[in-house]
Amino acid sequence: AQSVTQLGSHVSVSEGALVLLRCNYSSSVPPYLFWYVQYPNQGLQLLLKYTTGATLVKGINGFEAEFKKSETSFHLTKPSAHMSDAAEYFCAVSPTGFQKLVFGTGTRLLVSP
Amino acid sequence: DGGITQSPKYLFRKEGQNVTLSCEQNLNHDAMYWYRQDPGQGLRLIYYSQIVNDFQKGDIAEGYSVSREKKESFPLTVTSAQKNPTAFYLCASSISGPPTEAFFGQGTRLTVV
Chain V
740 AQSVTQLGSH VSVSEGALVL LRCNYSSSVP PYLFWYVQYP NQGLQLLLKY TTGATLVKGI
800 NGFEAEFKKS ETSFHLTKPS AHMSDAAEYF CAVSPTGFQK LVFGTGTRLL VSP
Chain X
18 DGGITQSPKY LFRKEGQNVT LSCEQNLNHD AMYWYRQDPG QGLRLIYYSQ IVNDFQKGDI
78 AEGYSVSREK KESFPLTVTS AQKNPTAFYL CASSISGPPT EAFFGQGTRL TVV
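Chains as they are written, first to last, in the numbering used here: chain V, 740 to 852; chain X, 18 to 130.
Bear in mind the hints are in silico, worked out from the structure with no lab data behind them.
These numbers were taken from a predicted model, which means no experiment stands behind them.
Each residue gets a CB set at the ideal place from its N, CA and C atoms; glycine is no exception.
Among the hints, erroneous ones may be present.
Computed footprint of chain X on chain V; a stretch qualifies when at least three of its residues, placed anywhere within it, have a C-beta under 8 Å from a C-beta of chain X [said to hold, decoys possible]: (1) 782 to 793; (2) 842 to 850.
According to the in silico footprint, chain V covers these stretches of chain X (three or more CB under 8 Å from chain V) [unchecked claim]: (3) 47 to 60; (4) 118 to 129.
I would like the entire structure built from these sequences, with the hints used as guidance.
As structure tokens, then:
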């Protein structure tokens, strides 16, 4: 069975600081991996995804993530946090060739001035 | 513009009543999904459908029912058998083949009063 673990339900950073949100996955087959962002009382928006090929994936709003198979990780980073980045972030995994997405429990990013 | 529309955005239900949440998409996607979101628990899959007139139970289907009579529509009924229905419900859709990037609606917040 596939699963996703997001370390830290809340992460606090100062504006301009590095953002690092952690995601580890478990999958019996090569996975597809996703990061989504959710603003209050809204749906989820795709930030970036890894399917095949380059392991460093760039997404919207300056975010990027690196797929590390040996560590079964797909951590999300952004060099410099902005106040508008405050939101909840979800990591998700989908086994290759299968449609269901399995989500982590989410990490709320708090950005202080 | 193409997208997924969920209605209503807020819904109040008395205990013992069934209620139906609407989800419509004009993305020409074959697959549609319903997720339930509770604080600290991430998104949990209720039902999904890969094609018209076919659907499968997800991880927490008890107390819910769905239909898929049209490609564009995937309504979710929360029945009186659902013991704790107060939650945020998200509908999503995707293409039928991998990778399974899902597009989300804006959600419906259901409150039992």
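For each hint, the structure was consulted:
no.: 1; hint: 782 to 793; in the structure: holds (count 6)
no.: 2; hint: 842 to 850; in the structure: holds (count 4)
no.: 3; hint: 47 to 60; in the structure: holds (count 7)
no.: 4; hint: 118 to 129; in the structure: holds (count 8)
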